[in-house]
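Quick note: the sequence shown, position 72, residue 72 per the working numbering, numbers continuous.
Honestly, I wouldn't trust all of these hints.
[Stated by the list, open to error] Under the rule of at most 25 Å between Cα atoms (straight-line distance), these lysine-lysine pairs were calculated in the DSS-like manner:
(1) 104 - 67
(2) 176 - 47
(3) 47 - 67
For the record, the hints were derived by calculation from the structure and aren't laboratory data.
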Amino acid sequence: MIKVLIADDQELIRQSLKIVLSANKDIEIVGTACNGNEVVESVRKYKPDVILMDVRMPEMDGVQCTKVIKESYPNIKIIVLTTFDDDEYIFNALKYGASGYLLKGVSMDELVRAIHTVVNGGAMINPDITAKVFKLFSQMAQGDISIQAGTKKNTDDICDAEWNIIKCVGFGLSNKEIAKKLRLSEGTVRNYLSNILNKLNFRDRTQLAIWAVQTGVIRKMVTQK
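All chains, please: the whole structure from these sequences, using the hints.
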């Protein structure tokens, strides 16, 4: 059972999502919140697996709330669900560790699929803003944008198997896809990823992916093949 917390300042949205998502036998809505502070309190109480996070909420907005939650609960997956596709919102939500960014026009089937995707270690981005994300990563790769994930890292302890994992993460593959590609179990992939994050002092796979692109690691590894 996937435990989901719904965060939105509009009661109609909260209740509608709760009713529709509760119809799925493998999803349990453990709570709802109308602002960022309530989200933090609800996370402590319910320990959800996934948070559906609105951007514009009173007291603490969804982007800042994402940052706060991921710092204290890095394993909780956050899907930003909003009407806003501003570059700044997208950029900061992904920077702070969101696993998904969807617009509220998304169908319920797509939302359910997104929940399952992020729980399994993948990411889900609305097709309408995918071009923005590709442009962002392209700019990072060219050095036009810098994300403070830390570009200077001691990579001496990274083994060949871990470099293969890093490359796959940089290309946006989920744990399941990495396991299939490298012929490993998902548990082994998770262990490798945990070790990599510890060695490079990153909070989550999003920071790792950004660093891999920003520093040119992906391009160098592809060139060396």
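Outcome of the hint check:
| no. | hint | verdict |
| --- | --- | --- |
| 1 | 104 - 67 | holds, 21 Å |
| 2 | 176 - 47 | holds, 24 Å |
| 3 | 47 - 67 | holds, 16 Å |
Checked against the numbered hints listed earlier, the structure breaks none of them; every hint is satisfied.
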